[in-house]
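Top line first, the protein sequences correspond to chains A and B.
Residues in the first sequence are numbered from 42 upward in steps of one, following this note's numbering.
Residues in the second sequence are numbered from 2 upward in steps of one, following this note's numbering.
Think of the hints as simulated: they come from the structure by calculation, not from any bench.
Be a bit skeptical, because a hint or two may be false.
Unchecked claim - What follows is a set of in silico ranges between Cβ atoms, one per label pair, in the way DEER data are often shown: (1) B/44 - A/884: 32 to 40 angstroms; (2) B/48 - A/826: 39 to 47 angstroms; (3) B/106 - A/816: 24 to 32 angstroms; (4) A/766 - B/133: 43 to 51 angstroms.
Claimed, not checked - Non-contacting residues of chain B with respect to chain A, defined by C-beta distances greater than 10 angstroms in every case (computed): (5) 35; (6) 36; (7) 37; (8) 38; (9) 54; (10) 64; (11) 85; (12) 88; (13) 90; (14) 93; (15) 100; (16) 101; (17) 108; (18) 127; (19) 129.
To be verified - Distance condition first, Cα-Cα at most 25 angstroms in a straight line; then the derived SDA-like pairs of lysine to any residue: (20) B/93 - A/764; (21) A/386 - A/409; (22) B/44 - A/802; (23) A/685 - A/386; (24) B/93 - A/865; (25) B/44 - A/756; (26) B/59 - A/639; (27) B/59 - A/822; (28) A/438 - A/423; (29) B/93 - A/808; (30) B/59 - A/583; (31) B/44 - A/811; (32) A/465 - A/496; (33) A/919 - A/909; (34) B/44 - A/822; (35) A/472 - A/449; (36) A/322 - A/496; (37) B/93 - A/423; (38) B/93 - A/685; (39) B/93 - A/919; (40) B/93 - A/496.
Even glycine gets a Cβ: it sits at the ideal position worked out from N, Cα and C.
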Amino acid sequence: MEITETQKKEIRIFEQVLDHVVKIIPFDRFYVALYDRRNASLYFPVVQLGDGTKLTLPELEDGLWSPRPFVPDEQWPDCLLRPDAQIPNHNDPQTWLADNQIDYQPASFPRSWLIAPLKARGGAVMGALVAEDLHRERAYGVDLQTWFTAAANRVAGTLSSLRLVESLRVVNRVGQQLTAGARQSVVEILELIHTEAGQLMDTRNMFVALYDAGRQQLSFPLAYFNGDPQNWKARDLAIGDKPGGGLTEEVIRTRQTLCPTNVAKWYTDNQIEPKVLPVPKSWLGMPLLSGERVLGVIALQNDEVQGLYSIDDQEILQAMASQVSAAMANAQLVERLQAVNEVGKQLASGIQFGENEILNLVYEQAKRLMDTNNMYVALYDASIDTVRFPFMLINGKTEKVEPRSGGGGRTEWIIQNREPILIKTKEEDEKWYEEPGRKEYIGKLLVSWMGVPMISGDHVVGVIAVYHETAAYVYNEDDLKVLQTMAGQVAAALENARLLRQEQQKAAQLAALQKIGMRLTSQLELTEVLGLIAQYAYEFVSADFATLFPYDPEKGRFGVGIRKGKLDMLPSTPSDKGYTADIAKAKRPVFVSDVEHEPHTKATFSTAEGVKSYAAIPLVSKEKSLGVLYVNFIEPHIFVENEKRALELLANQAAVAFENARLYDQSRSEAIAAKQLSTLGTAMATLRHRINNTFSIILPNLTRLRSRVDMSDATISEIFDIIERNTQYTSRIIERIQEPLREIEHVSVDVNSVLNDIVDEARETWAASHGHLVSVTLSLGPSVPFVSAPIGQIAEIFRNLIDNAYRAMEQGGELRVISYMSDGFICISIQDTGPGISPDIQSRLFEKPVPSDQPGGGAGLGLWLARLMLQSIGGDVKIETTNASGTTMLVQVPASGLVREG
Amino acid sequence: MRLEQLCSFKFQHLDWSGKGSHAMKKLRILIIDSEPRWIDFAKNELSPFEIVVAPDTKTALAELEDDQFDLVIASSRRLDALEIIAREYSDKLFIVTTVHPTTQEALAAYRLGAMRYFPKSFRQQDLLNHVSEVIPASVNAQ
Numbered sequence: 042m043e044i045t046e047t048q049k050k051e052i053r054i055f056e057q058v059l060d061h062v063v064k065i066i067p068f069d070r071f072y073v074a075l076y077d078r079r080n081a082s083l084y085f086p087v088v089q090l091g092d093g094t095k096l097t098l099p100e101l102e103d104g105l106w107s108p109r110p111f112v113p114d115e116q117w118p119d120c121l122l123r124p125d126a127q128i129p130n131h132n133d134p135q136t137w138l139a140d141n142q143i144d145y146q147p148a149s150f151p152r153s154w155l156i157a158p159l160k161a162r163g164g165a166v167m168g169a170l171v172a173e174d175l176h177r178e179r180a181y182g183v184d185l186q187t188w189f190t191a192a193a194n195r196v197a198g199t200l201s202s203l204r205l206v207e208s209l210r211v212v213n214r215v216g217q218q219l220t221a222g223a224r225q226s227v228v229e230i231l232e233l234i235h236t237e238a239g240q241l242m243d244t245r246n247m248f249v250a251l252y253d254a255g256r257q258q259l260s261f262p263l264a265y266f267n268g269d270p271q272n273w274k275a276r277d278l279a280i281g282d283k284p285g286g287g288l289t290e291e292v293i294r295t296r297q298t299l300c301p302t303n304v305a306k307w308y309t310d311n312q313i314e315p316k317v318l319p320v321p322k323s324w325l326g327m328p329l330l331s332g333e334r335v336l337g338v339i340a341l342q343n344d345e346v347q348g349l350y351s352i353d354d355q356e357i358l359q360a361m362a363s364q365v366s367a368a369m370a371n372a373q374l375v376e377r378l379q380a381v382n383e384v385g386k387q388l389a390s391g392i393q394f395g396e397n398e399i400l401n402l403v404y405e406q407a408k409r410l411m412d413t414n415n416m417y418v419a420l421y422d423a424s425i426d427t428v429r430f431p432f433m434l435i436n437g438k439t440e441k442v443e444p445r446s447g448g449g450g451r452t453e454w455i456i457q458n459r460e461p462i463l464i465k466t467k468e469e470d471e472k473w474y475e476e477p478g479r480k481e482y483i484g485k486l487l488v489s490w491m492g493v494p495m496i497s498g499d500h501v502v503g504v505i506a507v508y509h510e511t512a513a514y515v516y517n518e519d520d521l522k523v524l525q526t527m528a529g530q531v532a533a534a535l536e537n538a539r540l541l542r543q544e545q546q547k548a549a550q551l552a553a554l555q556k557i558g559m560r561l562t563s564q565l566e567l568t569e570v571l572g573l574i575a576q577y578a579y580e581f582v583s584a585d586f587a588t589l590f591p592y593d594p595e596k597g598r599f600g601v602g603i604r605k606g607k608l609d610m611l612p613s614t615p616s617d618k619g620y621t622a623d624i625a626k627a628k629r630p631v632f633v634s635d636v637e638h639e640p641h642t643k644a645t646f647s648t649a650e651g652v653k654s655y656a657a658i659p660l661v662s663k664e665k666s667l668g669v670l671y672v673n674f675i676e677p678h679i680f681v682e683n684e685k686r687a688l689e690l691l692a693n694q695a696a697v698a699f700e701n702a703r704l705y706d707q708s709r710s711e712a713i714a715a716k717q718l719s720t721l722g723t724a725m726a727t728l729r730h731r732i733n734n735t736f737s738i739i740l741p742n743l744t745r746l747r748s749r750v751d752m753s754d755a756t757i758s759e760i761f762d763i764i765e766r767n768t769q770y771t772s773r774i775i776e777r778i779q780e781p782l783r784e785i786e787h788v789s790v791d792v793n794s795v796l797n798d799i800v801d802e803a804r805e806t807w808a809a810s811h812g813h814l815v816s817v818t819l820s821l822g823p824s825v826p827f828v829s830a831p832i833g834q835i836a837e838i839f840r841n842l843i844d845n846a847y848r849a850m851e852q853g854g855e856l857r858v859i860s861y862m863s864d865g866f867i868c869i870s871i872q873d874t875g876p877g878i879s880p881d882i883q884s885r886l887f888e889k890p891v892p893s894d895q896p897g898g899g900a901g902l903g904l905w906l907a908r909l910m911l912q913s914i915g916g917d918v919k920i921e922t923t924n925a926s927g928t929t930m931l932v933q934v935p936a937s938g939l940v941r942e943g
Numbered sequence: 002m003r004l005e006q007l008c009s010f011k012f013q014h015l016d017w018s019g020k021g022s023h024a025m026k027k028l029r030i031l032i033i034d035s036e037p038r039w040i041d042f043a044k045n046e047l048s049p050f051e052i053v054v055a056p057d058t059k060t061a062l063a064e065l066e067d068d069q070f071d072l073v074i075a076s077s078r079r080l081d082a083l084e085i086i087a088r089e090y091s092d093k094l095f096i097v098t099t100v101h102p103t104t105q106e107a108l109a110a111y112r113l114g115a116m117r118y119f120p121k122s123f124r125q126q127d128l129l130n131h132v133s134e135v136i137p138a139s140v141n142a143q
């Protein structure tokens, strides 16, 4: 048997007592019986016989004095170790044994004995002092009994102190080891405790449970049963307001040491069905606390002895538990700091990170450190006082949450006060919301909540928050510190990302504007410029698509909308009323982040296209609205200050470009029209001049003739008069033939009649040159009204389209011409069964031809000019369909036509 | 013959309402056109006159052969007929209507001697105004 330093010290104490006992009390045998709680045995460190013989090690290890297993209920004198044991009758052991129903038959039964328990603080018995007289009855009087008991108490006190000192030394050693090895893992720490505690108490049945408040789970990194290590699986547990789960749960719930005097009774009293049978006789559980948070439970149990754990035991275990808690907290903190450090390193290494990447990185690291089953990151835009939630995890699932403005939640509080919030219990949670103006958005009261501001420079970028719905004390100050550190890093990273994005955006803006500028100098095509504006607008802000409605400020009309991203052109009803017109007139941009929240901003297109968010920006040049640019999002979108600026800047540039292109276009078409008119004017002037010249010859010659003929003849005179008057009349008529185009501009056109005429003419022409290969169907709507319009342009279009249709059907086919009314438009559909129009011709079909003096060069002018005219009154001509089985052209003439001016 | 025709104006007067003396002969107008809607419109609009319609050049020339007309209103598509009329009946008054007025056509019509070249306007009075401008002018010239 190995004797420890402590045991040696104890033996010295007993020997000192023995010196006194020998002088006062006569005995045949004196011994000290001690209970070794480490292996539940009794041993006898000091034995002296009546002749003064001291038994030493070899004898003590053998026979009567060898250590023996401790079963205190069954054997004498071990029964004395029971806390409730009474001091027996020292002079009549046999009667006492019979009274106590103890079956004890030693080889040399004493006739008298003196026995005194060694009681520790709290009543637990450490052992006993025993003196025996083998020959005489009633050898010990009352005085001796009193003296002996007093001596035993003194020994017990000294022994107790010695053991406490020794325990503290062990605890201290544990502490030293724990602090020395800063990088110890939790399991290493627990193994150390198990070993060290084993020097002081019975740790054959011991376990440490670690508590995960977020997941409501217990895990067992350390468990011993009957001295063998166990591998217990983690299990779920629910911590409620009342005792309910069991002993471990109760320690976690109350965050206090639990050591029931009677474990079975404890279960009965709390009306709990024990999960594991048999119920241990003794159980000592102690919380591992870090601040107010329970990290876990360290527990000892004994299935044989009731009330085994003394207050000293509890205090020792307590001291160890706090050491362990501190060490574990440290270990966790080290782990956290590593994670935080990791976040910082990764964020610093990737300046090109986007917002989502940053947020995901934070989540991944935070997940390692704390319960992040419910976590969100809110970003704050101070310019529009709006909080949006790019990252939201509810019960482990990503959720979408609408941005909000002017809210009164904790997020807003943190943003305003720039301070974190740490809520540890349900009561604290309720109390927080009692303040006026505070609003709850999650929909239920929470138990644990922690949120920290992300501050970069002098402004709050947003908030990171985590919460738990049911468990209290899930987050503590350490977590808060970790989250705050992370928030600082994230704020810096987000700010960097924003600045970088801003720079990139600026560069993109400049590049795009430069592109527009270059296009403008190289090409002044109006539709081209409009298309570019729309395209860049949606590229700028990564919108889903953009639309642009050119606006004619003089006529208060909208032209054709141009859209990039999905289609090229879309028809637009000419109107100076409606939402778009209002924006054009107001000359102020409108930003709508969610039409659902602002129903009055719901334009018709937003419903039809599923647009949730849009910016409507008027193109204003020289105080005139030239159009409205829509940048559309299918999902709700908050326009940040940057985007707004970019779009407005683009709109300004676009307005200038648009105006330039328009003026250029206008001057070109005006020039061509003027040329046409002047050609006719010149021709008319020439004609008039020639006719007048003729008359200037006729009239003088008539006068000459009069003088030569006999004017007395009445008939001749009459003939002369008639000739003269008719000549003068004709001369007057010629004077009246002026500016024929002005006369033909405003007439009442019967579109059906025009179609009849032109189709008939074309049929004749083509029949003459090609034979009757093309069958013609004319289907003219009876309700098509007369319309005041420039007949020439309309006829020009029809003639062109019908000629084209015929040309497409050289090998024969079918021509169908249909007129009908639709939505206030007279629609004329011209269908052929030709091979379709090739894409390159499609794009040039309505193009302005290069002015040419070559014969026939002006023939193609008609379609372009006619279209310009039609568009100017809100009509249009376009390809409706074209494919291998034919082409359908559609002409739309507004039924209202042109209001005759003057 | 031409002289006789010119002289005949002297004995004629206009009867716009058609209520005048039945002894008086109505002015006669030949319309050379095949577009039914325009023909209907013109007949209606020019109800004070006696209207004869010739859908093509051949019919028109046959009508002119048989009958006397105070005015010819021809579609610009029948400029070929007008060419013959201008040659054969050089004193005949005629005006040209079109759905597709062009400079070249206008010049061609005026060269042939047309009194008017104007688009087919379906507005009330437009056609009548043109006709009354041409015919009374001839009368007044008397």
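How the hints compare with the structure:
1. B/44 - A/884: 32 to 40 angstroms: Between residue 44 of chain B and residue 884 of chain A, where Cβ atoms are some 47 angstroms apart, the hint is violated.
2. B/48 - A/826: 39 to 47 angstroms: violated, 23 angstroms
3. B/106 - A/816: 24 to 32 angstroms: holds, 29 angstroms
4. A/766 - B/133: 43 to 51 angstroms: About 19 angstroms separates the Cβ atoms of residue 766 of chain A and residue 133 of chain B, which means 43 to 51 angstroms is violated.
5. 35: violated, 7 angstroms
6. 36: violated, 5 angstroms
7. 37: With a cut-off of 10 angstroms, residue 37 of chain B comes too close to chain A, as the shortest Cβ separation is near 7 angstroms.
8. 38: violated, 4 angstroms
9. 54: holds, 15 angstroms
10. 64: holds, 20 angstroms
11. 85: holds, 18 angstroms
12. 88: With a cut-off of 10 angstroms, residue 88 of chain B remains clear of chain A, as the shortest Cβ separation is near 18 angstroms.
13. 90: Non-interface label on residue 90 of chain B holds, nearest chain A Cβ at 16 angstroms vs cutoff 10 angstroms.
14. 93: holds, 13 angstroms
15. 100: Residue 100 of chain B not clear of chain A: closest Cβ-Cβ about 4 angstroms, inside 10 angstroms.
16. 101: Per Cβ check, residue 101 of chain B is inside 10 angstroms of chain A; nearest 4 angstroms; violated.
17. 108: Per Cβ check, residue 108 of chain B is inside 10 angstroms of chain A; nearest 6 angstroms; violated.
18. 127: violated, 7 angstroms
19. 129: Holds: least Cβ distance 13 angstroms, greater than 10 angstroms.
20. B/93 - A/764: holds, 15 angstroms
21. A/386 - A/409: holds, 16 angstroms
22. B/44 - A/802: holds, 22 angstroms
23. A/685 - A/386: Given pair residue 685 of chain A, residue 386 of chain A is violated - Cα atoms ~33 angstroms apart, limit 25 angstroms.
24. B/93 - A/865: Roughly 44 angstroms between the alpha carbons, so the hint for residue 93 of chain B and residue 865 of chain A is violated.
25. B/44 - A/756: Not OK: residue 44 of chain B and residue 756 of chain A at ~38 angstroms, beyond 25 angstroms, violated.
26. B/59 - A/639: With Cα atoms ~73 angstroms apart, residue 59 of chain B and residue 639 of chain A exceed 25 angstroms; violated.
27. B/59 - A/822: With a Cα-Cα distance of about 32 angstroms, the restraint between residue 59 of chain B and residue 822 of chain A is violated, given a limit of 25 angstroms.
28. A/438 - A/423: violated, 28 angstroms
29. B/93 - A/808: violated, 32 angstroms
30. B/59 - A/583: violated, 70 angstroms
31. B/44 - A/811: It is violated: about 35 angstroms lies between the C-alpha atoms, which goes past 25 angstroms.
32. A/465 - A/496: holds, 24 angstroms
33. A/919 - A/909: At roughly 12 angstroms apart (the allowed maximum being 25 angstroms), residue 909 of chain A and residue 919 of chain A satisfy the hint.
34. B/44 - A/822: Distance of about 22 angstroms is within 25 angstroms: holds.
35. A/472 - A/449: holds, 15 angstroms
36. A/322 - A/496: violated, 56 angstroms
37. B/93 - A/423: violated, 87 angstroms
38. B/93 - A/685: violated, 74 angstroms
39. B/93 - A/919: violated, 45 angstroms
40. B/93 - A/496: violated, 98 angstroms
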